[in-house]
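K.L.:
Going line by line, the protein sequences match chains G and A. 11 is the number of the first residue of the first sequence in our numbering; add one for each residue after it. 151 is the number of the first residue of the second sequence in our numbering; add one for each residue after it.
Since the hints were derived computationally from the structure, they do not count as laboratory data. Take the hints with a grain of salt, since some may be wrong.
Keeping only pairs whose Cα atoms sit at most 25 Å apart, straight-line, the calculated DSS-like set for lysine-lysine is [what the hints assert, rightly or not]:
(1) A:K293 with A:K276
(2) A:K185 with A:K293
(3) G:K22 with A:K376
(4) A:K346 with A:K211
(5) A:K344 with A:K373
(6) A:K373 with G:K22
(7) A:K211 with A:K168
(8) A:K373 with G:K39
(9) A:K168 with A:K376
(10) A:K278 with A:K293
(11) A:K211 with G:K39
(12) A:K346 with A:K373
Some chain G residues flagged as far from chain A (calculated, every beta-carbon gap over 10 Å) [as the list claims (entries may be wrong)]:
(13) L20
(14) F25
(15) H37
(16) N99
(17) G113
(18) L121
(19) S168
(20) L188
(21) R196
(22) V203
What follows is a list of derived Cβ distance ranges for each label pair [unchecked claim]:
(23) A:E296 with G:G19: 48 to 58 Å
(24) A:E160 with G:F208: 39 to 49 Å
(25) A:K344 with G:S180: 55 to 65 Å
(26) A:D271 with G:E163: 16 to 26 Å
On a predicted model such as this, the values are computed, not experimentally measured, just so you know. Note that beta-carbon positions come from the ideal geometry of N, C-alpha and C, so glycine has one too.
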Amino acid sequence: MRMKKDNLGLDKVHFRLRDALRLSYEHLKILERTFINIGSITLGIMLFSMIIFSNLLRGDYDGLTLNFESYQSWLIVASIMVSIVSVANVMMITVFERFNEIGTLKCLGALDRHILTMFLIEAAIQGIVGGATGSICGLFIAFISSAVSVGFESVHFSIEALLIFISSISLSIVMSILAALYPAYRAAVLNPVEALRFEF
Amino acid sequence: MSSDFVIELENLSRRFYKGGEVINALDGINLQIGKGEYVSIVGPSGSGKTTLFNMIGGLDKPTEGRVYIDGVDISMLDAYELAWLRCRKIGYIFQNFNLIQVLTALENVALPTVFAGVPRDEGLMKAKKLLISVGLGDRLHHKPMELSAGQQQRVAIARAMINEPEIILADEPTGNLDLKTGIEIIDLLHGLNKSKEVTLVAATHDLKMIKASDRIIWMRDGKIEKIERA
Numbered sequence: 011m012r013m014k015k016d017n018l019g020l021d022k023v024h025f026r027l028r029d030a031l032r033l034s035y036e037h038l039k040i041l042e043r044t045f046i047n048i049g050s051i052t053l054g055i056m057l058f059s060m061i062i063f064s065n066l067l068r069g070d071y072d073g074l075t076l077n078f079e080s081y082q083s084w085l086i087v088a089s090i091m092v093s094i095v096s097v098a099n100v101m102m103i104t105v106f107e108r109f110n111e112i113g114t115l116k117c118l119g120a121l122d123r124h125i126l127t128m129f130l131i132e133a134a135i136q137g138i139v140g141g142a143t144g145s146i147c148g149l150f151i152a153f154i155s156s157a158v159s160v161g162f163e164s165v166h167f168s169i170e171a172l173l174i175f176i177s178s179i180s181l182s183i184v185m186s187i188l189a190a191l192y193p194a195y196r197a198a199v200l201n202p203v204e205a206l207r208f209e210f
Numbered sequence: 151m152s153s154d155f156v157i158e159l160e161n162l163s164r165r166f167y168k169g170g171e172v173i174n175a176l177d178g179i180n181l182q183i184g185k186g187e188y189v190s191i192v193g194p195s196g197s198g199k200t201t202l203f204n205m206i207g208g209l210d211k212p213t214e215g216r217v218y219i220d221g222v223d224i225s226m227l228d229a230y231e232l233a234w235l236r237c238r239k240i241g242y243i244f245q246n247f248n249l250i251q252v253l254t255a256l257e258n259v260a261l262p263t264v265f266a267g268v269p270r271d272e273g274l275m276k277a278k279k280l281l282i283s284v285g286l287g288d289r290l291h292h293k294p295m296e297l298s299a300g301q302q303q304r305v306a307i308a309r310a311m312i313n314e315p316e317i318i319l320a321d322e323p324t325g326n327l328d329l330k331t332g333i334e335i336i337d338l339l340h341g342l343n344k345s346k347e348v349t350l351v352a353a354t355h356d357l358k359m360i361k362a363s364d365r366i367i368w369m370r371d372g373k374i375e376k377i378e379r380a
């Protein structure tokens, strides 16, 4: 008679958030890909925040209503779409490059969702950094251009700037995770046998 | 009740369908491997060695037949249980080492303890001891790229051992190594097999490795051609 499963003393596999963060961080230290991703996010968010900051600094900001010109809305949508496609593209290449590693991690006990978590954390970190740099650059450019067009004394800061800063970073994180979803999913469901056979 | 065999393969078959053609990668394999045994699997490439490995390691599912680990049919396990099996029961050693390039030797060895839920400090301590025992005490913080092929394979062996698995599956472990380093790796594996009573199943072309083993399984076209006792 064959054994029941209990004979193996089965237990759970783990992947603590701290460990996922650490592994993601080690990968982000490979600067080429990280810079390209952060750069794409920065550019998208920079345009977004620049337009809103400009409106704010020139006094066109009206509480929650954003007084966009329609061409401005199109510019924002287009730039964010381009950023998402660019980040998704780089993430996809990253996943292909790491086929072997994904296969190995699965051999060592990683579940699909552990792999997914790892890639999404990488995307989120890039989103935070890209969002922060993008909105700082956006504010800077908006300040210069407003000062030039309406004069330095007409530029006025208000507490809403902080709100714009926070929403830019939030948008950036969402954007980055959205871009990484498909590549991360592809990585997560990878069959370890296929993954280990793959030579990049 | 416990089974005498750590690994049992029962009428194991694996077929692949490629371009309308059926390939019998494994064709009715029956094999039993006892605890602490050192088994070499030998055969030309395409004979089904790697497929057999993937089956024992729970990485691939058979088309027909069963794989029992410790008497448990692993086709009954769900994804979580299979992950646990890979993490705790089986250690893998690959021809191309498959170390994580961004991690140091120490972190690579400690990685399986992360999935096993061992506290970080304890995992790193254990990894350090293991690396010292394989002769890499002075290479703890080196990345794989900074290590020689032989050193990388030692790191991989330490990683395979860290969760104290019952079974080590080694796929051509000396395939990418020069003669002298190959012998060192064989000695290391053989030593672990004897001292820790870990069951070692190695696919190999290496005659020195074959000589060290207890049993040699010759494979051809997905079938066991003959079994020799060393």
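K.L.:
For each hint, tell me whether it holds in the structure or not.
P.N.:
To see whether the hints hold, each was checked on the structure:
1. A:K293 with A:K276: holds (18 Å)
2. A:K185 with A:K293: Outside the cut-off at roughly 34 Å; violated.
3. G:K22 with A:K376: violated (39 Å)
4. A:K346 with A:K211: violated (29 Å)
5. A:K344 with A:K373: violated (29 Å)
6. A:K373 with G:K22: Violated: K373 of chain A and K22 of chain G sit about 36 Å apart, past 25 Å.
7. A:K211 with A:K168: Cα-Cα ~17 Å, so holds.
8. A:K373 with G:K39: violated (47 Å)
9. A:K168 with A:K376: violated (28 Å)
10. A:K278 with A:K293: Holds, at about 15 Å.
11. A:K211 with G:K39: violated (37 Å)
12. A:K346 with A:K373: violated (31 Å)
13. L20: violated (5 Å)
14. F25: Not fine: 6 Å to the nearest Cβ puts F25 of chain G too close to chain A.
15. H37: Given a closest Cβ separation of 5 Å, the condition is violated.
16. N99: holds (21 Å)
17. G113: The assertion about G113 of chain G is violated, with a minimum of 7 Å to chain A.
18. L121: violated (5 Å)
19. S168: holds (44 Å)
20. L188: holds (25 Å)
21. R196: Correct as stated: the minimum Cβ-Cβ distance to chain A is 17 Å, above 10 Å.
22. V203: violated (5 Å)
23. A:E296 with G:G19: 48 to 58 Å: violated (38 Å)
24. A:E160 with G:F208: 39 to 49 Å: Given range 39 to 49 Å: violated, Cβ gap about 31 Å.
25. A:K344 with G:S180: 55 to 65 Å: With a Cβ separation near 59 Å, K344 of chain A and S180 of chain G satisfy 55 to 65 Å, so the hint holds.
26. A:D271 with G:E163: 16 to 26 Å: Since the Cβ atoms of D271 of chain A and E163 of chain G sit about 59 Å apart, the hinted range of 16 to 26 Å is violated.
The structure fails hints 2, 3, 4, 5, 6, 8, 9, 11, 12, 13, 14, 15, 17, 18, 22, 23, 24 and 26 (numbered hints given earlier, in ascending order).
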